[in-house]
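Student: If you want the building blocks of each chain, they are given just below.
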Amino acid sequence: MKPAPTLSSAFLQPAGNALPGPLLRLREQRGTALVDMPLPTRKTENWKYSSKHLKLSDELATNLPAGSATTSAAEDGYRVVFRNGVIDPQASRLPQVDGLTVQRFADLSDDEASALAERLDNTLDANATQMARLNTARFEDGLLITLKPDAVLAEPLFVVHEVTATASGSAFPRIYVDAGRHSQLTLVEEYLSSGDQPVMVDTVTEFMVADGAQVTSIRLTAEDQNVQHIGATGVRQQRSSRFESHCVGFGGPLRRHDLQLRLEGEGAECKLNGVVVTQDKQHYDNHTCIDHIAANCNSEETYRNIAADESHAVFNGRIHIHQDAQKSNADMNNKNLLLSTGAEIDTKPELEIYADDVKCAHGATIGQLDEQSLFYLVSRGISRREANVLLTMAFINELVTQIPVEQVRDSANERLNRFFDDTFEEA
Amino acid sequence: MLSIKNLHASVEGKEILKGINLEIKAGEVHAIMGPNGSGKSTLSQVLAGNEAFEVTEGEVTLNGENLLELETEERAREGIFLAFQYPVEIPGVSNLQFLRTAVNAMRTHRGEPEMNAAEFMKLAKEVSKQVDLDPAFLKRGVNEGFSGGEKKRNEILQALLLQPKLAILDETDSGLDIDALKVVSDGVNALRAEDRAILMVTHYQRLLNHIVPDYVHVLAGGRIIKSGGRELALELEERGYGWLGIKEDEAAAAN
Ligand SMILES: Nc1ncnc2c1ncn2[C@@H]1O[C@H](COP(=O)(O)OP(=O)(O)O)[C@@H](O)[C@H]1O
Ligand SMILES: [Mg+2]
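From first to last, the protein sequence lines are chains A and B. Residue numbering for the first sequence follows my numbering, beginning at 1 and increasing consecutively. Residue numbering for the second sequence follows my numbering, beginning at 1 and increasing consecutively.
Isolated chain A, as found in the complex:
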């Protein structure tokens, strides 16, 4: 028998020593734990469809060199720019709001750093997210956002993750959000790239959402075709808190997002929206997992995949209702649109229910554009291209319009239009 492939030791050489001692020690500890980590294969259930797209060749093992700093920060809006996994302070513009602190990991005191080191990874299921563990073994920099109780950031904070792929390597950006009681925050993460060398982005964002806090996370994944993107988002919600997630993703050689939520306090609620668009031979894999741990929590999840050409999209949605989570309300819906006969979409809802008084609904469909609707539209003189666009947009419009930040809606629409240009021929 062939031995199972393991993570090359080249991947366990972290770069950058600018971090405070406690974080360096955590990094090392995680690295040690990952020695001989078996790589996912076809037989690894949660990587079944994606393991063959994960290419961890040694050329990706080095950290990408910190990109060159830009001269000016954006004129308006709050933003933090990660370049190749390292924060570029010159390009960032930070909010000055009472009760809100935004810090680089490197700038933390030893006390702050050791408190953080205790908490990193605590939102994620270690067994299901090894690549997130690799991030912890490798991050060079990170962003800690802390909201004191009642602190409110009214405008969204943008975190722009840029990779410059002029050479091969990887970036390991890391974000930790600690939202205190009744605080409010909207965090936008944009993943972008330039350059054409093969690179990997292995990114982790964690949210601790305290009682009554309201956090919105918006995520736009749109790197180029030379970028493997593996992301994990972990969320823990306390009593009466609300978490909203809006993910819009465009395909690549590998796009993977694990979104894990734990509803730990009574009355917590979450809403997860996702739109994925793939074309050519792209691959996109969303794995979500919602743990209803406390009673009286609501979760509402709506994901849409659109796959064109020979692309492949995967949705795996798990809902786990624990024994004490009575009066849970969980609604999961996944609809999928195949735009070509060569495209493939795999969808799998997984429900595990251990409480008896719950409402749990789930539905998944896979279909094509409706011929009757197309005929109706073109019979009014509308071009086939436009009719295809109208119907495809109809499939996701509800989710796009719900994205609460106009700038993100605009970028999403702009990229969708590019996708339509590629996918639907001009008559």
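It should be emphasised that the hints constitute simulated quantities derived from the structure, not laboratory data. Ideal Cβ placement from N, Cα and C applies to all residues, glycine included. You may find that some hints are simply not true.
Said to hold, decoys possible - Quick list of the computed label-pair ranges, beta carbon to beta carbon:
| no. | chain 1 | residue 1 | chain 2 | residue 2 | range |
| --- | --- | --- | --- | --- | --- |
| 1 | A | Pro149 | B | Gln130 | 56 to 62 Å |
| 2 | B | Lys182 | A | Leu369 | 35 to 41 Å |
| 3 | A | Asp346 | B | Gln130 | 45 to 51 Å |
| 4 | A | Asp421 | B | Gly240 | 54 to 60 Å |
| 5 | B | Tyr86 | A | Thr166 | 57 to 63 Å |
Stated by the list, open to error - Not close to chain A: a few residues of chain B, all C-beta gaps over 12 Å, as computed:
| no. | residue |
| --- | --- |
| 6 | Lys5 |
| 7 | Lys14 |
| 8 | Ala48 |
| 9 | Thr61 |
| 10 | Glu69 |
| 11 | Tyr86 |
| 12 | Glu89 |
| 13 | Thr101 |
| 14 | Phe120 |
| 15 | Lys129 |
| 16 | Ala136 |
| 17 | Leu161 |
| 18 | Asn189 |
| 19 | Asp195 |
| 20 | Lys226 |
As the list claims (entries may be wrong) - Okay, the calculated bits of chain A under chain B, using three or more residues with CB under 8 Å as the criterion:
| no. | segment |
| --- | --- |
| 21 | 289 to 301 |
| 22 | 365 to 375 |
Following the hints, put chain B with the ligands in place on chain A, whose structure we already have.
Tutor: For chain B with the ligands alone, coordinates are given in the frame of chain A:
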């Protein structure tokens, strides 16, 4: 305007139209009547270009041009409009957006500038009133959750907005109460013009009390078996289809 010669069409290998001949001139209103299953909708859909139906023989010209060679959207731009017997519901596409896209496609085809959202909104509201459709329906998804009558009025609304050369109305009267029938007929009558033709497809003659046709044709078993003036419709009402040798209930089965 429209000339149909020996038109044969089939669906899923089954021949439905078995040699239709029909000439329609500008300014005329023709009615096609016939029992259920006789092929009325098939003829309408074939003229509009539905590819689910295969034309196996014959020719159709619109103002001398071969209609059958044109794509559906080209036919529409050349002036063919079909009011569907069963208008399609399209959730997620707003009626307003749909109507504006259609009107602008036509305008672009004619070399006219597109209408902006505000201009179009004004026009759409006016025409909605004309067909007695609450402008709130403009905001809904295309035909989404519309009642039968509302769908039919939305079809006439489209005809009025698109100003076709040949309007084909497939059972636009079915499922309408007296008031709605009046509204719809008024809309159709507003379409009547010297340079426009109307082809009304109907099972019942009552619509023809409101929209008086110049010619009436009886379609049965995929053929036009009788043509005449409007008195033919009255005769059909009085005597049913039986006197023409058609057993109404079995007409569909006989195909
Ligand atoms: N899409 C279709 N697939 C199979 N048979 C069809 C289809 N459309 C129509 N037909 C058949 O063609 C015949 C004529 O139908 P249709 O044109 O709808 O008649 P009418 O409109 O006069 O009631 C019927 O026997 C009907 O069952
Ligand atoms: Mg019919």
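Student: Against this structure, judge whether each hint is valid.
Tutor: Results for each hint:
no.	hint	verdict
1	A:Pro149 to B:Gln130: 56 to 62 Å	59 Å, holds
2	B:Lys182 to A:Leu369: 35 to 41 Å	37 Å, holds
3	A:Asp346 to B:Gln130: 45 to 51 Å	50 Å, holds
4	A:Asp421 to B:Gly240: 54 to 60 Å	57 Å, holds
5	B:Tyr86 to A:Thr166: 57 to 63 Å	58 Å, holds
6	Lys5	23 Å, holds
7	Lys14	19 Å, holds
8	Ala48	5 Å, violated
9	Thr61	19 Å, holds
10	Glu69	15 Å, holds
11	Tyr86	9 Å, violated
12	Glu89	8 Å, violated
13	Thr101	5 Å, violated
14	Phe120	14 Å, holds
15	Lys129	21 Å, holds
16	Ala136	19 Å, holds
17	Leu161	9 Å, violated
18	Asn189	22 Å, holds
19	Asp195	18 Å, holds
20	Lys226	29 Å, holds
21	289 to 301	violated (count 0)
22	365 to 375	holds (count 5)
Checked against the numbered hints above, the structure violates hints 8, 11, 12, 13, 17 and 21; every other hint is satisfied.
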